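From first to last, the protein sequence lines are chains B and A.
Quick note, the first sequence lines up with residues 1 to 657 if you use this note's numbering.
Quick note, the second sequence lines up with residues 1 to 135 if you use this note's numbering.
These aren't lab readings, by the way, just hints derived from the structure by calculation.
Any given hint might turn out to be false.
As the list claims (entries may be wrong) - Here are the simulated DSS-like pairs of lysine-lysine, each with C-alpha atoms no more than 30 Å apart in a straight line:
{"id": "1", "chain 1": "B", "residue 1": "K23", "chain 2": "B", "residue 2": "K116"}
{"id": "2", "chain 1": "B", "residue 1": "K447", "chain 2": "A", "residue 2": "K111"}
{"id": "3", "chain 1": "B", "residue 1": "K467", "chain 2": "A", "residue 2": "K2"}
These numbers come from a predicted model, not from an experiment.
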Amino acid sequence: MPRIGVFVCQCGNNIAATVDTKKVAEEMAKLPGVVYTTDYKFMCSSPGQEMLKKAIIDNKLDGVIVSACSPHMHEKTFRKASEAAGLNPYRCEITNIREQCSWVHHDKTKKTGTIKSTDLTRMVIERLKRNRPLTKIKIPVRKKALVIGGGIAGIQAALDIAEGGREVILVEKEPSIGGNMARLSETFPTMDCSQCILTPKMVEAELNERITLYTYSEVEKVDGYIGNFTVQIRKKARYVDEALCTGCGECIEKCPFKAESQFEVGLTKRKIIYTPFPQSVPNVPVIDAPNCPKIQKDKCGACAIVCGPKCIDFKQQDRIETVDVGAIIVATGYQNMANERFGEYGYGRIKDVISGMQFERLASSSGPTGGEIRRPSDGKIPKSVVFIQCVGSRDEKKGVSYCSKVCCMYTAKHTMLYSHKVHDGQSYVFYMDIRSGGKRYEEFVRKAIEHDHAMYLRGRVSRVYEKDGKVIVQGADTLSGSQVEIEADMVVLATAIVSRDGADTLAQKLGIGYDKYRFYNEYHPKLKPVETVTAGIFLAGTCMGPMDIPESVAQGSAAASKALALFSADEMTRKPVTALVNRATCNACWDCLTACPYTAIEREDVRNRQGETIRWLARVNEGVCQGCGVCVAACRSKSIDLRGYTDEQVFAAINAF
Amino acid sequence: MKIKLAKEDIESSKIQLIERVSGEEMRRCYQCGKCSAGCPVSFAMELPPSQVMRFLQLGRVDEVMKANSMWTCVGCLQCYARCPQGVSVAAVLEALRQIVLRKGTDHERIKDVPFPFMKSAPQQAIVCGFRKFVS
Numbered sequence: 001m002p003r004i005g006v007f008v009c010q011c012g013n014n015i016a017a018t019v020d021t022k023k024v025a026e027e028m029a030k031l032p033g034v035v036y037t038t039d040y041k042f043m044c045s046s047p048g049q050e051m052l053k054k055a056i057i058d059n060k061l062d063g064v065i066v067s068a069c070s071p072h073m074h075e076k077t078f079r080k081a082s083e084a085a086g087l088n089p090y091r092c093e094i095t096n097i098r099e100q101c102s103w104v105h106h107d108k109t110k111k112t113g114t115i116k117s118t119d120l121t122r123m124v125i126e127r128l129k130r131n132r133p134l135t136k137i138k139i140p141v142r143k144k145a146l147v148i149g150g151g152i153a154g155i156q157a158a159l160d161i162a163e164g165g166r167e168v169i170l171v172e173k174e175p176s177i178g179g180n181m182a183r184l185s186e187t188f189p190t191m192d193c194s195q196c197i198l199t200p201k202m203v204e205a206e207l208n209e210r211i212t213l214y215t216y217s218e219v220e221k222v223d224g225y226i227g228n229f230t231v232q233i234r235k236k237a238r239y240v241d242e243a244l245c246t247g248c249g250e251c252i253e254k255c256p257f258k259a260e261s262q263f264e265v266g267l268t269k270r271k272i273i274y275t276p277f278p279q280s281v282p283n284v285p286v287i288d289a290p291n292c293p294k295i296q297k298d299k300c301g302a303c304a305i306v307c308g309p310k311c312i313d314f315k316q317q318d319r320i321e322t323v324d325v326g327a328i329i330v331a332t333g334y335q336n337m338a339n340e341r342f343g344e345y346g347y348g349r350i351k352d353v354i355s356g357m358q359f360e361r362l363a364s365s366s367g368p369t370g371g372e373i374r375r376p377s378d379g380k381i382p383k384s385v386v387f388i389q390c391v392g393s394r395d396e397k398k399g400v401s402y403c404s405k406v407c408c409m410y411t412a413k414h415t416m417l418y419s420h421k422v423h424d425g426q427s428y429v430f431y432m433d434i435r436s437g438g439k440r441y442e443e444f445v446r447k448a449i450e451h452d453h454a455m456y457l458r459g460r461v462s463r464v465y466e467k468d469g470k471v472i473v474q475g476a477d478t479l480s481g482s483q484v485e486i487e488a489d490m491v492v493l494a495t496a497i498v499s500r501d502g503a504d505t506l507a508q509k510l511g512i513g514y515d516k517y518r519f520y521n522e523y524h525p526k527l528k529p530v531e532t533v534t535a536g537i538f539l540a541g542t543c544m545g546p547m548d549i550p551e552s553v554a555q556g557s558a559a560a561s562k563a564l565a566l567f568s569a570d571e572m573t574r575k576p577v578t579a580l581v582n583r584a585t586c587n588a589c590w591d592c593l594t595a596c597p598y599t600a601i602e603r604e605d606v607r608n609r610q611g612e613t614i615r616w617l618a619r620v621n622e623g624v625c626q627g628c629g630v631c632v633a634a635c636r637s638k639s640i641d642l643r644g645y646t647d648e649q650v651f652a653a654i655n656a657f
Numbered sequence: 001m002k003i004k005l006a007k008e009d010i011e012s013s014k015i016q017l018i019e020r021v022s023g024e025e026m027r028r029c030y031q032c033g034k035c036s037a038g039c040p041v042s043f044a045m046e047l048p049p050s051q052v053m054r055f056l057q058l059g060r061v062d063e064v065m066k067a068n069s070m071w072t073c074v075g076c077l078q079c080y081a082r083c084p085q086g087v088s089v090a091a092v093l094e095a096l097r098q099i100v101l102r103k104g105t106d107h108e109r110i111k112d113v114p115f116p117f118m119k120s121a122p123q124q125a126i127v128c129g130f131r132k133f134v135s
């Protein structure tokens, strides 16, 4: 016979006002298996907890029920107290007689409230009789992190984890780390040069002995679960041996062919063997294979001839490497929307209509013009420049409905850079709203207008066309209610920030969620901003949505702290509330496998002694299972149960009503 | 209304003159509209104070000169008192009046003004309206 104790809480007057707690306790004492009952003013207070502990020991209780508030409030408290008294914490159950009973009853005679509380408590007693003691799941943790994406967010995360004493693998798709920030000329609102603040961090990441860089590499496959991920990384053929190359640049000098530079956003050309930019990390060139005549047609090979250390290998192939890590940080960043989508702005048709990122390169001292603002068509210095905001942003029909958040600020910065470089120039900005929320941001925009004489016009542009070497911009100024026509020399489009191509494929590999714009979903938008639904995978930076550099860096650090917290213990404990497959009845229909939102269910093949597969079974990976119960509902043969919430327990509770 | 906008319009000599006489910088105004909201005679102006500022920012001096706004302003300085950017639209309108009056082409004689108007108009309005005699 079980020895159950029932503790009915009055919660001051919260429960006692409509429930006769004393009577509930007395009623419960009549039930078989209940050996101790009482009511008390505040069960959650320390005397209340002490009373619970004492009762467990004195009466040799093997199960306790606290009829009180929602288990969300104090389940943890009472399970902890029970554990302290030597009881398995999962032999302690809560009956919710506050939120689901006393608070919703107005009957001050306490009649109905008492009846309902008695019913609820009785149901939980029957449930508790079938509770099996559960032990917390312990999972070993590999204390090594993988960071996907070598932009500022990823670099920051890697540096912070390394500083915390753990090893990091930093994977970057491009030949160099640095990401989009490496392209920027200056940064708002302090106007410090982007390269000057970024490159020290890049070098630090390269030199840090705990950080392993995988540049020109992509994540191929992800297996495993929190603390125990196995990741396959594809190292794309660079055609240059990274170990031997000294970065002398002789090969680049001698290469006779050129192709469009992606780093310079098509503003200029680079050699076929190249480093994206002078401060590239690692400073090892890469051969652009589709454009290389040696690799395509076996002609040329000049680079290999001049190379001193003989590190060029035209036969190099992609390599797959497998790494084991405990946590993954996703910081894959953003890209700009294609401007060609908006025919009215003439991008792609009119040479002097450029994107904001192209303007960054024009203004950058390491850019194609050496920092002089010259328009692409004839290289002249533009005397009037029109900046158009919200190109694709806040455009539900043709673009995206969200605000890209940084364009207002970088356009203000562009007008400043322009006025500093072209003193007799005039800049115009067509905007819908100026969104300058941030420390010293509003002051920055006002400075652009008042000090650097940018002319802000509230309205969109509807037509851009060429006439006599000028770009005519037709827009509106809704503040004065007029149509505005400007003869400009150059037009700069503040293009919407969108998720990277292939963001969805990566999310599927990782098992994390994404929204309709393919930006990754955080676990909770406010309280868990860098976690994902998949334990052990964290997010940082613009892969989640548009944000600026300070925010990306903050998130990089936040994600790193989450990973370090995970690494702080040798083993990770998890709640034992997980699904359990009945191996005798599972008929491997795989409905559970498709239903599971956490990919916690695996196929297990049962083999005979000869090693032949004789049948298949579903198996739950306890490290991944979150105990949501979807598989339980999906299972056709009723072969899956949720520990702590088994069918037997649930039916017993219902029958007791 | 369609306008062509160029640096010469925004920084024309006329604008520079208004800025010099009024001591106010046009680009300080960020078009919140608080002046127009509080101005006691805004309803009677062809261009309310904030619009005057906007037109001047765009270099459209002639349209502002044609409007009755500067003559309607009673100089109560409420616009200045409330402006979050510290711009005195009253000073700008005063500057406009000065510029017109100094040309000496648009003089109004007090005896030509209908007597009932003189009787019903606020004293401050009459004083402002006839500033031309002392300017």
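Unmet hints by their number, sorted upward, for this structure: 2
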